[in-house]
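Engineer: Residue numbers for the sequence shown follow my numbering, beginning at 3 and rising by one.
What the hints contain is simulated information worked out from the structure, not anything from laboratory work. Ideal Cβ placement from N, Cα and C applies to all residues, glycine included. Any given hint could be a false lead.
Now the in silico label distances, taken between C-beta atoms and shown as ranges [said to hold, decoys possible]:
no., residue 1, residue 2, range
1, V260, G196, 39 to 49 Å
2, S169, S231, 22 to 32 Å
3, E175, S18, 36 to 46 Å
4, I261, D129, 41 to 51 Å
5, R245, D174, 38 to 48 Å
6, H166, I217, 13 to 23 Å
Derived pair list, reagent style EDC-like, types lysine to aspartate or glutamate, alpha-carbon separation capped at 16 Å [to be verified]:
no., residue 1, residue 2
7, K92, D129
8, K208, E165
9, K208, E172
10, K94, E123
11, K203, E218
12, K208, D168
13, K199, E172
14, K94, D58
15, K92, E123
16, K208, E218
17, K199, D174
18, K48, E33
19, K203, D174
20, K203, E172
21, K199, D168
22, K94, D124
23, K199, E165
24, K92, D124
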Amino acid sequence: METWISNGLYAFLRTSTPYHELPQADDLVLEMLSGRYADTRLRELKPRVSIDRPVDNTVQAGMRRASSLYSSGGTIPERGYFDLRIRDSKAKIGELDEEFDVGCAPSARPLRSRSQLWRIEDITHNDVLVSPTREARGSSPSGGRRKQNRDFHFSERIGLFLEHADSRLESDEFRTELTDRFSLDTEAAEELIGYLKRQQKATGAKLPHRHHLLIEHVAESGLNASTRSRLILHTLWGGRVNRPFALALSAAWRRSIVIRSRSS
3 METWISNGLY AFLRTSTPYH ELPQADDLVL EMLSGRYADT RLRELKPRVS IDRPVDNTVQ
63 AGMRRASSLY SSGGTIPERG YFDLRIRDSK AKIGELDEEF DVGCAPSARP LRSRSQLWRI
123 EDITHNDVLV SPTREARGSS PSGGRRKQNR DFHFSERIGL FLEHADSRLE SDEFRTELTD
183 RFSLDTEAAE ELIGYLKRQQ KATGAKLPHR HHLLIEHVAE SGLNASTRSR LILHTLWGGR
243 VNRPFALALS AAWRRSIVIR SRSS
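Using the sequences and the hints, build the whole thing.
Structural biologist: Right under this line is the structure:
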């Protein structure tokens with residue numbers, strides 16, 4: 003978030019091995035980050051930095067851009083979106099991007115939206131038409147962007163934060179910590195505290211963290227909900243740990259059912 007001289011910033015970036023031979027290219031990257039492309043201001047390009055060329059040619063990140071470092075998943079290309087609609091009523095229930103729709107076809111594996119499953123009936127140039135189904139498995143309409151697992155380092159930081167926050171949600175010091183240490187504005191801090199309080203109220207237990215495995219029993223809702231329910235383990239360990247753990251747990255569950263059925 004410091005203020006940099008343009009040439010100094012370029013020289014500093016070149017000290018990193020992957021960018022050692024990076025050409026300066028007339029500061030085109032900085033122009034794009036400031037909201038311009040080919041000398042034209044584009045509304046779709048939100049400014050990430052401000053450049054003060056007339057005075058001292060300095061570059062500085064825009065206000066409130068620190069959150070982009072933690073929330074951004076990288077470069078996301080522009081893509082078309084399809085409306086997800088119920089076939090009979092044409093009611094819109096969501097959107098799918100073209101990356102997901104290319105691999106879809108009618109009668110393929112159903113889509114999952116929260117606890118509801120949908121079967122693809124037809125795909126037009128604008129819409130994906132679906133109808134409710136009760137098939138056992140479904141794929142999430144999120145394209146290929148969620149295939150990578152959250153690593154253990156990030157999962158550990160989330161767990162440590164929840165453990166730290168669990169007993170401090172009512173204190174003014176915690177609100178101050180969120181704004182001063184974690185750079186949240188007052189409204190965002192209040193939203194986060196309210197979200198964590200609702201989690202505590204819904205489960206009647208402490209927030210999940212590395213020393214507290216929370217098991218939540220959730221009744222399914224939706225058009226096809228009946229007496230089905232779901233058991234959620236709030237592990238927060240990351241996919242690289244959760245996936246093999248889930249395989250082991252599933253095998254143990256099946257083995258237990260087989261043993262019980264034989265004994266009965």
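Engineer: A separate judgement is required for each hint: does it hold in the structure or not?
Structural biologist: So, going through the hints one by one against the coordinates:
A beta carbon spacing of about 45 Å between V260 and G196 agrees with the range 39 to 49 Å that was offered as a hint. Distance hint check: the CB atoms of S169 and S231 are about 30 Å apart, consistent with the given range 22 to 32 Å. Take E175 and S18: their Cβ atoms lie about 38 Å apart, and the range 36 to 46 Å holds. For I261 and D129, the Cβ-Cβ distance of about 49 Å falls inside the hinted range of 41 to 51 Å, so the restraint holds.
Under the hint 38 to 48 Å, the C-beta atoms of R245 and D174, about 41 Å apart, fit the expected range. At roughly 22 Å, the beta carbons of H166 and I217 sit within the given window of 13 to 23 Å. Restraint check: the Cα-Cα separation between K92 and D129 comes to about 9 Å, which is no more than 16 Å; the hinted pair holds. As the CA atoms of K208 and E165 are separated by approximately 9 Å, the hinted pair is consistent with the 16 Å bound.
A hinted pair counts as satisfied when its Cα atoms are at most 16 Å apart, and K208 with E172 qualifies at roughly 14 Å. About 15 Å separates the Cα atoms of K94 and E123, which keeps this hinted pair within 16 Å; it holds. With a C-alpha separation of about 12 Å, the suggested pairing of K203 with E218 holds against the 16 Å cut-off. Only pairs whose Cα atoms come within 16 Å are accepted, and K208 paired with D168 is accepted, the gap being roughly 6 Å.
Distance check on the hinted pair: K199 and E172 sit about 9 Å apart at the alpha-carbon level, within 16 Å; holds. This hinted pair does not check out: K94 and D58 have alpha carbons roughly 52 Å apart, beyond 16 Å. In summary, the hint linking K92 to E123 is supported, as the alpha carbons are separated by about 12 Å, within the 16 Å threshold. Under the criterion of a C-alpha separation no larger than 16 Å, the hint pairing K208 with E218 is consistent with the structure, at around 12 Å.
For the proposed pair K199 and D174, the alpha carbon gap of about 15 Å is at most 16 Å, so the pair holds. Only pairs whose Cα atoms come within 16 Å are accepted, and K48 paired with E33 is accepted, the gap being roughly 11 Å. For a cut-off of 16 Å, the pair hint linking K203 to D174 is broken: about 20 Å separates their Cα positions. For the suggested pair K203 and E172, the alpha carbons sit about 14 Å apart, so the restraint of at most 16 Å is met.
Proximity of K199 to D168 is assessed by CA-CA distance (about 9 Å); at most 16 Å being required, the pair is judged to hold. Between K94 and D124, the direct Cα distance comes to roughly 14 Å. Compliance with the 16 Å bound is thereby established for this hinted pair. Restraint check: the Cα-Cα separation between K199 and E165 comes to about 13 Å, which is no more than 16 Å; the hinted pair holds. Using a Cα cut-off of 16 Å, the hinted pair K92 and D124 holds, with the two alpha carbons roughly 12 Å apart.
Of the hints listed earlier, those the structure fails to meet are numbers 14, 19, in rising order.
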